[in-house]
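Chains as they are written, first to last, in full-length UniProt numbering: chain A, 1 to 214; chain B, 1 to 214.
Please note that the accuracy of each hint is not assured.
When chains are identical, the list treats them as one kind, so a pair holds in a single copy or across two.
[To be verified] Pairs of lysine-lysine residues, derived as DSS-like cross-links and limited to a Cα-Cα distance of at most 27 Å, are as follows:
hint, residue 1, residue 2
1, K128, K115
2, K2, K22
3, K118, K22
4, K128, K22
5, K2, K128
6, K118, K2
7, K22, K115
Because the hints were derived from the structure by calculation, they are not lab data.
Number of protein chains: 2
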Amino acid sequence: MKLYTYFRSSAAYRVRIALNLKGLDYEAVPVHLLRNGGEQLAEAYRAVNPSALLPALDDDGALLSQSLAIIEYLDETRPLAPLLPADALGRARVRALAQTVACDIHPLANLRVLKYLKGPLGLSEEVKLQWVVHWVGEGMAMLEAHLARDPHTGRFCHGDTPGLADCCLVPQVFNAQRFDIDMAAYPTVMRIHANCAALPAFVQAHPAQQPDAE
Amino acid sequence: MKLYTYFRSSAAYRVRIALNLKGLDYEAVPVHLLRNGGEQLAEAYRAVNPSALLPALDDDGALLSQSLAIIEYLDETRPLAPLLPADALGRARVRALAQTVACDIHPLANLRVLKYLKGPLGLSEEVKLQWVVHWVGEGMAMLEAHLARDPHTGRFCHGDTPGLADCCLVPQVFNAQRFDIDMAAYPTVMRIHANCAALPAFVQAHPAQQPDAE
Chain A
1 MKLYTYFRSS AAYRVRIALN LKGLDYEAVP VHLLRNGGEQ LAEAYRAVNP
51 SALLPALDDD GALLSQSLAI IEYLDETRPL APLLPADALG RARVRALAQT
101 VACDIHPLAN LRVLKYLKGP LGLSEEVKLQ WVVHWVGEGM AMLEAHLARD
151 PHTGRFCHGD TPGLADCCLV PQVFNAQRFD IDMAAYPTVM RIHANCAALP
201 AFVQAHPAQQ PDAE
Chain B
1 MKLYTYFRSS AAYRVRIALN LKGLDYEAVP VHLLRNGGEQ LAEAYRAVNP
51 SALLPALDDD GALLSQSLAI IEYLDETRPL APLLPADALG RARVRALAQT
101 VACDIHPLAN LRVLKYLKGP LGLSEEVKLQ WVVHWVGEGM AMLEAHLARD
151 PHTGRFCHGD TPGLADCCLV PQVFNAQRFD IDMAAYPTVM RIHANCAALP
201 AFVQAHPAQQ PDAE
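Chain A extracted, bound-state conformation (with noise of 0.2 Å):
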């Protein structure tokens, strides 16, 4: 199996931590976001993901795209180390709190469109801090008060074991740091972020453990 991924992508360090916490192997291809005008954006890397977005997964030359769907793909094809529970509740929960993360949060802080509010909308570093700080706050409130309230959040955040919305979580909760957001109001999120912290699967799929890692 070839990630195509860059070390701080969120997206493809979501599926990092699937494919460690399921133990395969697997060839990371660095495509940088930031290099050549964006790396992304290439007509080679076009041929495998049309959305010119990361990751892609390479599958003995199938072609997979959409971090969720290929970590779905991962856990159907490859059921050991289950990421999602054994019933449609849960699974339904664990996917909703995923999507919380991909559908809610990390598309309003993500690069393509902190450099649109910079570029075309010519909005200064400070108002892009700004808008950050609010999209990632609002998605963590969310997260917070889904996850304070419901008994099925033990260690992680579907039970004792981690799975798809712990893949999830931890690379937001990443992103956030980076932009110095104030995290003591999510306690819970913080909580289950320390226990996955502990893990290797999830240390070895950090950004500054990769092999592009600047």
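Chain B: place on chain A using the hints.
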């Protein structure tokens, strides 16, 4: 089953289509996104969905949120008229198409974001529309590129049966048309949209057909 919905909510529209495709009866509970300062923000609705976003599903007391998670749950618990393919690669493809809408297009053009552009950022109506045209255009180009290049695309997003990806495509086209976005550059998207629009399940889920339509 009770679906918390708003006639023009793109994410609620997805679930209405899925419920109709499966022939499932449900009670629509309207939550008005603009009235009373946004009914989704009230405590009564936050008890249903702490994210204060639509839709939510109440299945005999079990509360579910996030449209894609809800649709997968419906598909798992009511397997008749499946909305996902039987093979893992097909499922990954359909989920990736759905997530292209749900993660890469819709989050940037939904109500809360457009309100923030005009409110806190103080941008003009014109710049707001420029923002919508840019991001919806980028996203539709991604969707078109994925659909046009892949032999799995049929009368619908995946083969000749409507499914999860079509549940996402149609509301996003509706949303784009509300903003007068020129769709001529996305012929595959529009061909599939036309095939969907001919089916009763899609007709009956249309915003104009909802009890809370204005």
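Results for each hint:
1. K128 - K115: Both, since 9 Å and 16 Å are each at most 27 Å.
2. K2 - K22: Result: close within a single copy only, 15 Å intra versus 37 Å inter.
3. K118 - K22: Result: close neither inside a copy nor across copies, 39 Å intra and 45 Å inter.
4. K128 - K22: Intra 37 Å, inter 44 Å, cutoff 27 Å: neither.
5. K2 - K128: Answer is neither; intra-copy 34 Å and inter-copy 39 Å both fail.
6. K118 - K2: neither (33 Å within a copy, 43 Å between copies)
7. K22 - K115: For K22 and K115, neither the intra-copy (35 Å) nor the inter-copy (42 Å) Cα distance is at most 27 Å.
The structure is inconsistent with the numbered hints 3, 4, 5, 6, 7, although it conforms to all the rest.
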